[in-house]
Amino acid sequence: MNHCSTPVLPRPVPLVRPLSQRLADRWRALKAWWRERARQRREARDIEVAAELNEAMLRDIGAPDWLQAYAQSRREAQLQRLQEARLGLEHRPMGDRW
Numbered sequence: 035m036n037h038c039s040t041p042v043l044p045r046p047v048p049l050v051r052p053l054s055q056r057l058a059d060r061w062r063a064l065k066a067w068w069r070e071r072a073r074q075r076r077e078a079r080d081i082e083v084a085a086e087l088n089e090a091m092l093r094d095i096g097a098p099d100w101l102q103a104y105a106q107s108r109r110e111a112q113l114q115r116l117q118e119a120r121l122g123l124e125h126r127p128m129g130d131r132w
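Under this note's numbering, the residue at position 24 of the sequence shown is numbered 58, and the numbers go up by one with no gaps.
Treat the hints as calculated values from the structure; they're not laboratory data.
Model, not experiment: these values are computed from the prediction.
Using N, Cα and C, we set each Cβ at its ideal position, and we do this for glycine too.
Please note that a few of the clues may not be correct.
Unchecked claim - What follows is a set of in silico ranges between Cβ atoms, one per label pair, in the way DEER data are often shown:
| id | residue 1 | residue 2 | range |
| --- | --- | --- | --- |
| 1 | Leu113 | Leu64 | 42 to 52 Å |
| 2 | Arg109 | Arg79 | 17 to 27 Å |
| 3 | Val50 | Arg93 | 57 to 67 Å |
| 4 | Ser54 | Arg109 | 50 to 60 Å |
Use the sequences and the hints to build the structure in full.
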């Protein structure tokens, strides 16, 4: 009897997982991606809402310095846009429609 022969497995080992398992993994990954995306959107919305508060209110509630600076820069940019719009209307020639 030859004992050096290749061992035979009782059944073959699958090299690819079943389709149902692969689909379930993809579904879980998609749900995790969607949850993370929703969390990021909520966080961005919360920052935008907080940035609407004035500096005194942000200091009172203990907002971080970066949020206070962001809120201030947003207000300054908005004020600059308003001033530019006013100047544009004041200095526009009468015949110029644009």
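Each hint tested on the structure:
no.: 1; hint: Leu113 to Leu64: 42 to 52 Å; verdict: holds, 43 Å
no.: 2; hint: Arg109 to Arg79: 17 to 27 Å; verdict: holds, 18 Å
no.: 3; hint: Val50 to Arg93: 57 to 67 Å; verdict: holds, 59 Å
no.: 4; hint: Ser54 to Arg109: 50 to 60 Å; verdict: holds, 55 Å
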